[in-house]
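Residues per chain are reported as follows:
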Amino acid sequence: MSNYYESEDLKKFGDIGQHAKGLADAFFKYYGDVTGTDGALSKREKALIALAVSHAQQCPYCIDAYTTQCLETGANPEQMMEAVHVAAVMQAGITLVHSVQMQNHLKKLVL
Amino acid sequence: MRTVVQLKVAPPPSKYDFEGLLRARRIDLPPISIDTLQVNITKLCNQVCRHCHVDASPARREMLSPDGVAKCLEVLERHPQITKLDITGGAPELHPGFDAFVERAVALRKHVMVRHNLTVQLDGHPQTGENKEYLPRFFAKNRVEVISSLPYYQEYFTDAQRGSGVFKKSMEAMKRLNTLGYGVEGSGLALNLVYNPVGPYLPAAQAGLEADYKRELKDKFGLVFNRLYTITNMPINRFKLHLDKSGQYEAYMEKLLAAFNPAAAEGVMCRSLISVGHDGRVYDCDFNQMLEMDAVDARGKALSIFNFDFDRALGRRIRFDDHCLGCTAGAGSSCGGATI
Chain V
12 MSNYYESEDL KKFGDIGQHA KGLADAFFKY YGDVTGTDGA LSKREKALIA LAVSHAQQCP
72 YCIDAYTTQC LETGANPEQM MEAVHVAAVM QAGITLVHSV QMQNHLKKLV L
Chain U
13 MRTVVQLKVA PPPSKYDFEG LLRARRIDLP PISIDTLQVN ITKLCNQVCR HCHVDASPAR
73 REMLSPDGVA KCLEVLERHP QITKLDITGG APELHPGFDA FVERAVALRK HVMVRHNLTV
133 QLDGHPQTGE NKEYLPRFFA KNRVEVISSL PYYQEYFTDA QRGSGVFKKS MEAMKRLNTL
193 GYGVEGSGLA LNLVYNPVGP YLPAAQAGLE ADYKRELKDK FGLVFNRLYT ITNMPINRFK
253 LHLDKSGQYE AYMEKLLAAF NPAAAEGVMC RSLISVGHDG RVYDCDFNQM LEMDAVDARG
313 KALSIFNFDF DRALGRRIRF DDHCLGCTAG AGSSCGGATI
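Quick note, the sequences are listed as chains V and U, same order. Okay, so the first sequence: first residue is 12 according to our numbering, each after it adds one. Okay, so the second sequence: first residue is 13 according to our numbering, each after it adds one.
Note that these hints are calculated values from the structure, not bench results. Wrong hints could be hidden among the right ones.
[Claimed, not checked] Dumping the calculated SDA-like pairs for lysine to any residue here, alpha-carbon to alpha-carbon at most 25 Å: (1) V:22 <-> U:261; (2) U:27 <-> V:21; (3) U:232 <-> V:87; (4) V:23 <-> U:230; (5) U:27 <-> U:232; (6) U:257 <-> U:321; (7) U:267 <-> V:120; (8) U:267 <-> V:101; (9) V:23 <-> U:40; (10) V:40 <-> U:274; (11) U:252 <-> V:90; (12) V:22 <-> U:230; (13) V:22 <-> U:27; (14) U:267 <-> V:46; (15) V:40 <-> U:232; (16) U:230 <-> V:90; (17) V:22 <-> U:211; (18) V:23 <-> U:26; (19) U:252 <-> V:83; (20) U:267 <-> V:108; (21) U:230 <-> V:47; (22) V:22 <-> U:256.
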């Protein structure tokens with residue numbers, strides 16, 4: 012292996028059951044129940060959320076998987092790109108809102 | 013003296029052995045009926061779609077002969093159990109005998125479906141320049157069902173698959189059909205659209221996508237239609253070439269195999285239709301036709317429209333190959349969309 016991330020490794024996701032099959036089975040059932048069905052959210056809405064999380068977490072496996080899943084649930088590139096912007100703006104907002112902490116501490120320190 | 017012995021070794025079974033999959037699942041798929049005669053009358057087309065299983069283009073010349081057209085009509089007339097004629101291509105309207113074929117089949121009281129790519133209305137004949145703007149009126153006069161490809165309700169995907177400018181022309185062509193009542197509820201003039209994925213992935217659920225198309229086409233363009241059929245891309249010919257070149261063939265086949273659905277398999281279209289090629293040869297479906305996998309009777313003899321025998325055709329064993337995984341993945345795929 013020459014890289015830490017190999018796209019072929021996505022197929023080995025099921026191998027996480029090695030040494031902990033019961034836990035993996037429980038995880039995959041939960042995973043399927045959450046993402047694989049229409050519920051209060053449609054499968055497409057869930058795929059778009061997952062795509063945004065994939066970007067925020069910078070997981071290349073998930074980005075590939077959920078780009079495909081978005082297409083297979085009928086999403087279009089505008090919707091997918093907007094989902095990524097939601098992730099981006101959340102990350103920017105999370106950074107910026109911490110400046111309140113910085114300002115609070117600044118006020119304590121400054122005479 | 014040494015003797016060289018050559019051993020004949022059978023090729024290893026394909027990783028995507030569809031027949032083997034059916035055997036393992038104990039699924040038998042004999043023909044049920046022949047209610048549809050699907051005729052591919054030409055490979056000539058004004059478009060060059062990137063997923064086209066026919067490899068159709070403006071350069072193709074194959075046409076069903078006048079004798080072949082006459083024979084199809086004779087078969088339709090002789091067999092009341094064949095209630096539907098499905099005319100496809102290429103762009104079937106570019107066949108010089110298309111109009112007469114439709115009119116005579118309608119006169120036989122057959123339900124006639126035309127696989128109409130919309131833009132041929134505006135492009136005309138790519139080789140002769142013949143104008144085809146009369147088509148909506150012709151379709152309406154003969155009350156044929158129009159089935160048109162539109163891979164998405166937006167320009168980006170549509171033009172990526174079917175060529176630059178196709179989306180805008182398709183919107184104009186749909187408007188002309190709508191003006192005559194096509195797709196309008198209560199008119200009796202059916203305009204059905206076909207969705208194909210714009211790449212190696214499976215179609216979204218048909219009902220949800222149909223609702224999206226209806227909302228978007230109505231809101232943005234004031235257009236209406238009746239049904240949306242989702243069809244999976246077949247890993248053959250031009251689309252297979254793309255998969256091979258982009259290194260995605262194996263991944264796509266594995267996706268189709270993983271999504272194999274026995275319920276979808278039960279509904280495959282080859283169980284209720286036969287497909288006729290431009291040379292009169294008979295096939296189990298349009299995909300087998302493009303792979304030149306002739307339909308054969310119980311004795312292994314190839315079927316032809318020129319010596320058509322209904323019972324021989326109904327008694328045939330349908331020929332399957334790797335590509336059939338495309339029709340049995342997920343919710344299934346057929347010329348009428350999802351099969352479950």
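Going through the hints against the structure:
With a CA separation close to 15 Å, the supplied pair residue 22 of chain V and residue 261 of chain U stays within the 25 Å bound. Taken as a hint, the residue 27 of chain U and residue 21 of chain V pair is honoured in the structure, with Cα atoms around 20 Å apart against an allowance of 25 Å. At most 25 Å may separate the alpha-carbon atoms for a hinted pair to count; residue 232 of chain U and residue 87 of chain V meet this at roughly 16 Å. With a C-alpha separation of about 44 Å, the suggested pairing of residue 23 of chain V with residue 230 of chain U is violated against the 25 Å cut-off.
For the proposed pair residue 27 of chain U and residue 232 of chain U, the alpha carbon gap of about 45 Å is over 25 Å, so the pair is violated. About 42 Å separates the Cα atoms of residue 257 of chain U and residue 321 of chain U, which puts this hinted pair outside 25 Å; it is violated. For the suggested pair residue 267 of chain U and residue 120 of chain V, the alpha carbons sit about 60 Å apart, so the restraint of at most 25 Å is broken. A threshold of 25 Å between alpha carbons decides the hint, and for residue 267 of chain U with residue 101 of chain V the separation of about 34 Å lies outside it, so the pair is violated.
This hinted pair does not check out: residue 23 of chain V and residue 40 of chain U have alpha carbons roughly 33 Å apart, beyond 25 Å. As the CA atoms of residue 40 of chain V and residue 274 of chain U are separated by approximately 22 Å, the hinted pair is consistent with the 25 Å bound. Distance check on the hinted pair: residue 252 of chain U and residue 90 of chain V sit about 29 Å apart at the alpha-carbon level, beyond 25 Å; violated. For the given pair, residue 22 of chain V sits about 41 Å from residue 230 of chain U by alpha-carbon distance, which is inconsistent with the 25 Å threshold.
With a C-alpha separation of about 17 Å, the suggested pair residue 22 of chain V and residue 27 of chain U falls inside the 25 Å cut-off, and the hint holds. The straight-line distance between the Cα atoms of residue 267 of chain U and residue 46 of chain V is roughly 18 Å, inside the 25 Å bound, and the hint therefore holds. Between residue 40 of chain V and residue 232 of chain U the CA atoms are separated by roughly 40 Å; this puts the pair beyond 25 Å, and the hint is violated. For the hint pairing residue 230 of chain U with residue 90 of chain V, the CA-to-CA distance comes to about 19 Å; that is within 25 Å, so the pair holds.
Note on residue 22 of chain V and residue 211 of chain U: the hinted pairing holds, with a Cα-Cα distance of about 20 Å set against a maximum of 25 Å. Between the alpha carbons of residue 23 of chain V and residue 26 of chain U the distance comes to roughly 22 Å, so the proposed pair stays at or under 25 Å and holds. Using a Cα cut-off of 25 Å, the hinted pair residue 252 of chain U and residue 83 of chain V holds, with the two alpha carbons roughly 19 Å apart. With a C-alpha separation of about 43 Å, the suggested pair residue 267 of chain U and residue 108 of chain V falls outside the 25 Å cut-off, and the hint is violated.
A hinted pair counts as satisfied when its Cα atoms are at most 25 Å apart, and residue 230 of chain U with residue 47 of chain V does not qualify at roughly 30 Å. Simply put, residue 22 of chain V and residue 256 of chain U have alpha-carbon atoms about 20 Å apart, close enough for the 25 Å limit, and the pair holds.
Checked against the numbered hints given earlier, the structure breaks hints 4, 5, 6, 7, 8, 9, 11, 12, 15, 20 and 21 and satisfies all the rest.
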